[in-house]
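Undergrad: Given only the sequences and the hints, what does the whole structure look like? Please build it.
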Amino acid sequence: MKKIILTTALLAIPALAWGEGEAPTALSNADAIALVQDHANYLWTLVAAALVFFMQAGFAMVESGFTRAKSAVNIMMKNMMDFSMGSIAFWAIGFGLMFGASSTGWFGTTDFFLSGWTPDGDPWVLAFWMFQCVFAGTAATIVSGAMAERTKFTSYLIYSAFLCAIIYPIFGSWAWGSLLNGNGWLEKLGFIDFAGSTVVHSVGGWAALAGAIVLGPRIGKYGPAGEVRAIPGHNIPMAALGVFILWLGWFGFNPGSTTTADKSIAMIFVNTNLAAAAGAVLAMVTSWVMFKKPDVGMTLNGALAGLVGITAGCANVSPTSSIIIGAIAGVLVVLSVVTIDKMHIDDPVGAVSVHGVCGAWGTLAAGLFNMGGTTMKIMTTQLIGIGAAFVWAFGAAFILFKTIDIVVGLRVSEEEEMQGVDICEHGANAYNDFQVH
Amino acid sequence: MKKIVAIIKPFKLDELKGALHDLGVNGMTVTEVKGFGRQKGHKEIYRGAEYVVDFIPKVKIEIVCAADMVDKITTTIMQSVKTGKIGDGKIFVSPIESICRIRTGETDQDAI
Numbered sequence: 001m002k003k004i005i006l007t008t009a010l011l012a013i014p015a016l017a018w019g020e021g022e023a024p025t026a027l028s029n030a031d032a033i034a035l036v037q038d039h040a041n042y043l044w045t046l047v048a049a050a051l052v053f054f055m056q057a058g059f060a061m062v063e064s065g066f067t068r069a070k071s072a073v074n075i076m077m078k079n080m081m082d083f084s085m086g087s088i089a090f091w092a093i094g095f096g097l098m099f100g101a102s103s104t105g106w107f108g109t110t111d112f113f114l115s116g117w118t119p120d121g122d123p124w125v126l127a128f129w130m131f132q133c134v135f136a137g138t139a140a141t142i143v144s145g146a147m148a149e150r151t152k153f154t155s156y157l158i159y160s161a162f163l164c165a166i167i168y169p170i171f172g173s174w175a176w177g178s179l180l181n182g183n184g185w186l187e188k189l190g191f192i193d194f195a196g197s198t199v200v201h202s203v204g205g206w207a208a209l210a211g212a213i214v215l216g217p218r219i220g221k222y223g224p225a226g227e228v229r230a231i232p233g234h235n236i237p238m239a240a241l242g243v244f245i246l247w248l249g250w251f252g253f254n255p256g257s258t259t260t261a262d263k264s265i266a267m268i269f270v271n272t273n274l275a276a277a278a279g280a281v282l283a284m285v286t287s288w289v290m291f292k293k294p295d296v297g298m299t300l301n302g303a304l305a306g307l308v309g310i311t312a313g314c315a316n317v318s319p320t321s322s323i324i325i326g327a328i329a330g331v332l333v334v335l336s337v338v339t340i341d342k343m344h345i346d347d348p349v350g351a352v353s354v355h356g357v358c359g360a361w362g363t364l365a366a367g368l369f370n371m372g373g374t375t376m377k378i379m380t381t382q383l384i385g386i387g388a389a390f391v392w393a394f395g396a397a398f399i400l401f402k403t404i405d406i407v408v409g410l411r412v413s414e415e416e417e418m419q420g421v422d423i424c425e426h427g428a429n430a431y432n433d434f435q436v437h
Numbered sequence: 001m002k003k004i005v006a007i008i009k010p011f012k013l014d015e016l017k018g019a020l021h022d023l024g025v026n027g028m029t030v031t032e033v034k035g036f037g038r039q040k041g042h043k044e045i046y047r048g049a050e051y052v053v054d055f056i057p058k059v060k061i062e063i064v065c066a067a068d069m070v071d072k073i074t075t076t077i078m079q080s081v082k083t084g085k086i087g088d089g090k091i092f093v094s095p096i097e098s099i100c101r102i103r104t105g106e107t108d109q110d111a112i
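Chains S and P, in that order, give the protein sequences.
Count the first sequence with my numbering and you get residues 1 to 437, in order.
Count the second sequence with my numbering and you get residues 1 to 112, in order.
Simulated from the structure, these hints should not be mistaken for lab results.
Check each hint, because a few of them may be wrong.
[Said to hold, decoys possible] Simulated pairs of lysine to aspartate or glutamate, DMTMM-like, Cα-Cα distance not exceeding 25 Å: (1) P:Lys2 / P:Glu15; (2) S:Lys292 / P:Glu50; (3) S:Lys342 / P:Asp54.
TA: Take a look at the structure:
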């Protein structure tokens with residue numbers, strides 16, 4: 001009898017642990033398992049958000065490494081501020097436009113100022129906001145590189161707020177709105193862009209193109225006969241560190257876009273890595289053939305091109321396809337950088353080629369290499385998405401930059417540019433005790 | 001008293017310093033310099049665009065010595081820094097009027 005009582009008491013211990021004093025049932029176990037899964041989803045999404053946040057450091061290093069020492073302070077300030085101002089703009093306006101309820105499919109109209117969250121409500125919206133906020137920051141910071149060394153700082157601040165509040169979120173709502181409360185017209189067509197080749201990278205890349213065109217090239221980039229002149233970057237190891245940081249960050253960018261801790265992240269991780277590797281190798285080979293030497297700048301761009309290329313299709317193409325996608329992106333980025341240079345559009349870091357061009361390629365490739373097979377309809381939808389991104393992002397950014405140019409001026413004076421934006425815009429020098437060019 | 005100034009390839013500096021030390025030279029001044037000579041500049045490629053580096057980095061060394069040491073020192077410099085390729089540099093010799101060691105106030109021969 002004593003033994004039976006003891007056994008019953010022991011059996012009751014786990015039941016007590018659930019606080020109800022009742023024995024676990026199949027139903028309560030299912031709830032407990034779901035709770036663990038839920039927690040894992042939060043954890044994975046937020047860890048991934050932290051990885052994507054670190055990409056800001058990557059962009060800052062790439063950009064300043066590829067430009068002159070006299071612009072490094074300005075670049076640090078731009079990268080710091082496009083994320084800081086962008087976070088607040090995305091909190092106030094962007095997030096609502098992107099993920100708020102939408103009756104039209106063109107933009108959301110609820111969830112401004114994170115109003116979807118209440119202290120006793122479901123905190124998922126916070127985790128989701130954080131992940132989306134670092135994405136908005138990524139789109140904003142892409143533009144900085146293409147406009148480096150000659151942009152007025154105040155004008156850049158205005159641009160960053162607009163991009164994170166309006167340009168990026170509106171396109172985002174078309175493709176991703178239904179991830180929360182919205183419903184975009186593009187996603188209804190079946191547009192595939194898992195982690196944002198188009199939504200983040202092409203949008204940033206096309207806005208960068210608009211910026212570089214409105215600004216015009218840096219003094220000395222083109223000779224009197226229109227020949228392309230190199231303006232070598234001041235710190236290639238720093239640029240390389242930036243690319244490694246971005247590559248690491250992409251392990252949050254792509255696999256994190258599941259916002260779910262499940263087994264699917266393994267393939268996305270592998271695809272992300274293989275595409276980057278193939279992009280770097282093929283960009284190196286292409287530069288070697290074209291310029292007789294394996295060019296470090298192009299190879300670094302190649303890794304990023306592969307990463308941008310696989311971002312759309314990382315969840316729906318095979319690892320073998322990822323290599324092909326990355327490899328083509330690697331070739332494409334070198335040809336694109338050379339072509340854009342020849343068009344007299346001065347993009348010091350290759351942002352338009354890496355993010356705009358390879359983002360478009362990746363979006364097309366996501367349809368082309370779809371593991372479930374591809375159809376004319378899928379390809380048409382992908383093309384519509386690519387075209388819509390170009391028209392919207394380039395168009396809106398072009399109008400924005402033109403307006404800024406007329407109202408406050410987009411570019412520093414010739415004298416200030418010669419002296420360097422660090423001294424004239426910030427009164428500071430990145431490398432005190434050194435002679436800076 | 002003479003001053004020997006030599007413009008040499010930077011990677012030859014350590015070798016030269018060793019050789020001069022063995023010769024008994026107990027002081028020299030080294031400066032990082034840039035310039036061009038017959039070598040002109042050289043071409044580099046950055047992101048697909050060629051550009052000319054007009055001024056090539058060199059090292060300038062300055063040695064002040066007694067007049068009878070000049071031949072030995074210039075021979076040593078020629079032997080240790082010569083590669084036979086364009087850009088090996090030049091040696092200039094000029095007279096020195098006076099020398100003063102700041103710490104002790106010694107002058108001329110005593111101050112070398």
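Undergrad: Hints first: check each against the structure and report whether it holds.
TA: Structure-based check of each hint:
1. Taking the CA atoms of Lys2 (chain P) and Glu15 (chain P), the gap is about 23 Å. The hint holds against a cut of 25 Å.
2. Under the criterion of a C-alpha separation no larger than 25 Å, the hint pairing Lys292 (chain S) with Glu50 (chain P) is consistent with the structure, at around 11 Å.
3. A hinted pair counts as satisfied when its Cα atoms are at most 25 Å apart, and Lys342 (chain S) with Asp54 (chain P) qualifies at roughly 24 Å.
Of the numbered hints given earlier, the model fails none.
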